[in-house]
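There are 2 protein chains.
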Amino acid sequence: METSTPALMTDHYELTMISAALKDGTASRSCVFEVFSRRLPTGRRYGVVAGTGRLIELLKDFRFDPAEVGYLRSAGIVDETTAAWLTSYRFTGDVEGYPEGELFFPGSPILTVSGTFAECVVLETLILSVLNHDSAIAAAAARMVTAARGRPIIEMGSRRTHEHAAVAAARAAYLAGFASTSNLAAGRAYGIPTTGTSAHAFTLLHDDEPTAFASQVAALGKNTTLLVDTYDISQGIRNAIAVAGPDLRAVRIDSGDLSVLAQHSRELLDSLGATETKIIVSGDMDEYSIATLAAEPVDMYGAGTAVVTGSGAPTAGLVYKLVEVDGRPVVKRSENKATVGGRKIAVRRHKPTGTAIEEIIYSQGVPDHQANDRMLQQSFITGGEVQPMPSLVESREHLRQCLISIPWEGLKLSSGDPAIPVVIVPTA
Amino acid sequence: METSTPALMTDHYELTMISAALKDGTASRSCVFEVFSRRLPTGRRYGVVAGTGRLIELLKDFRFDPAEVGYLRSAGIVDETTAAWLTSYRFTGDVEGYPEGELFFPGSPILTVSGTFAECVVLETLILSVLNHDSAIAAAAARMVTAARGRPIIEMGSRRTHEHAAVAAARAAYLAGFASTSNLAAGRAYGIPTTGTSAHAFTLLHDDEPTAFASQVAALGKNTTLLVDTYDISQGIRNAIAVAGPDLRAVRIDSGDLSVLAQHSRELLDSLGATETKIIVSGDMDEYSIATLAAEPVDMYGAGTAVVTGSGAPTAGLVYKLVEVDGRPVVKRSENKATVGGRKIAVRRHKPTGTAIEEIIYSQGVPDHQANDRMLQQSFITGGEVQPMPSLVESREHLRQCLISIPWEGLKLSSGDPAIPVVIVPTA
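In order, the protein sequence lines correspond to chains A and B.
Heads up: the first sequence begins at 0 in numbering that gives the first Met the number 0, then just goes up one per residue.
Heads up: the second sequence begins at 0 in numbering that gives the first Met the number 0, then just goes up one per residue.
Any given hint could turn out to be false.
Copies of the same chain look alike in the list, so a pair counts if it fits in one copy or across any two.
Said to hold, decoys possible - Pairs of lysine-lysine, BS3-like flavour, derived with a Cα cap of 27 Å: (1) LYS350 with LYS411; (2) LYS277 with LYS221; (3) LYS331 with LYS22; (4) LYS277 with LYS331; (5) LYS331 with LYS221; (6) LYS221 with LYS22.
No lab work stands behind these hints, which were simulated from the structure alone.
Note that the coordinates shown come from a computational prediction; the quantities given were computed from them, not determined experimentally.
Please construct the entire structure, taking both the sequences and the accompanying hints into account.
Laid out in structure tokens, this is it:
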């Protein structure tokens, strides 16, 4: 593994800023940083908060061990004072934000970090890495889940992304409603159901397809999925049912015109008496190809490349900005108008029916609470102490409820505006 | 960290295939797997092999520890026989391939893994995760380096990708010719020069810009980079030179119309006597925006999002395919014609001037070696023993030489065909 703690997953400039701020006394100024996105990926109608639970676990381990500080000293990156500060580093501030599975829109303050300048600024890179990656995957995955209309989707993209990112991607996809993952590390770390049976290599390994199928059924039983497209698909299905009988759980098709092949395979399976045998399709599945198959007799999808790379939006565009110093709002001049200084309070307003109308972001004000308003922020860390966090399953259910609550246009796959407007209410 | 060894960074189906193959005796068949891409990302003219050094290190640690095997047993993923096999797993086969920094084209056999079916198939996901990620980053980074025409580029995209992927991305970008990275973990793990000075937050933290600049110069000296676009850029530059004097090393501009701002900043710096002060630009830099700035007085670029997400191609499209079983070539029926069975030998043919003409891939034949041919494959692991690997700096130089060797059209940023054709020579 590249590093022993998450503390060096940090940009060099955070430590030079701390060095200078320790020297001039500003390191201890009381600061508020906020994580938000200036815009959603082009055409996307909502973002999905993901990674917070994973982030809070990493923050527990955010310490600079002696070897790491030694590297920073010997590379001339920090001076002796900063090295001593890093050695005793413990985050003692507060972190609050939107829970995982919550939706976000441009300007939503999805994470607020408060404490001294130095203790907050050093967390910038790790916070953004986790949230930008996981939120990008979850947003893409949520669109696929919508497109699948209740049919299960298996996440099988590990091989298309960094080996550690793959584990986080499986988690984010499950959060977004995927049924299972192929990734064993994600299964172990997060309790996500894992699934998988065989690849083309298994068929090619054997002398012929019936032999390969017989071997798989002997080892795994009839409650398995046979991959039928290594040679001829029709013959593959015939071989599968001949070997396993009509009680075979499923066949998988990984190539070709899946629309035509799904219909043909269903007819053939039915004609062979395998009316309960499921059809799983995989191979370059994204939200659009899933939607295209809505009317076809497909029982389950396998999604890989598109989900782990965010289906065209591989990062969520989240930034970590200083918004308050010693109680004074601060803002960079060149920001767009949506950016205002000061700690924000966020509320989602709903119709009495439960449909979301707008997100209201109060800058330094107490919100005018209404009956159908929902406060969006929760405490994750208070005075350095980690608070109880929702489970992954709870976050998954939270997202499901959130997606039900937005206006129906918000679930369209086509490009459009954010599902609900964001209203910034500046300081009175 | 999610997992203690890389062994669970594996897809479920690899273990079910092993279970079945152990049961029917095919697990010990002698197999050859190859890693190749069927096509390059749309319009790209070459791929860059990256990640091999990182992969070989991970393969050294590819063991299933007792807790991992315990998880697999308790989750019902493997049976007792397979659990025992995993517990004693050691890769005893051979791995050869293109060295890091080598170019590849559709069909290039960049990694060849031989051994028993079971010992090779279990490595599939990890091999592809590492090579697909790192090669995607390196290819994007190499295009940026070409576009920068000798001006240095700093990799600063950690915050836009998964926290571990960020470390690998910094490594891949450095391999491709980037000058440095902001990522401290990459600096420590791979000896890559790290760099960074300050963010807008540092200026906002202070009571005014001159105070912030004075603090930074007091801590880091005049050989630093002042970020001048927090408020008004012209005033920022005046403040920077007023505080640091005309010997200031550099200013950085992170927003706005960088073309106009670079010209204006150069004129202003020169008028203030700071003729040696460098101009660094950052903010949504990709190969195209870098190329656009070629004629402007820019001294250095900072690239973030685009490089760590592969600039539109976040994964390299590499696959891991069984091509030979007990000496017999195998191939899936539905593959395109470029895919042929059997272990391949790859040669790049050059003109006497050194310009590459074509890549020749021999299937099961001994190549007809010519004077200007270069054999592309090297041994990385022989009989389970890791061989000496090139250093990252050597791989970086290798890529530089490879890019010099391809026809000049191959370096164009515009969409086009692969820089050289790939000729598959099947078995005689």
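Indices of hints not satisfied (ascending)
none
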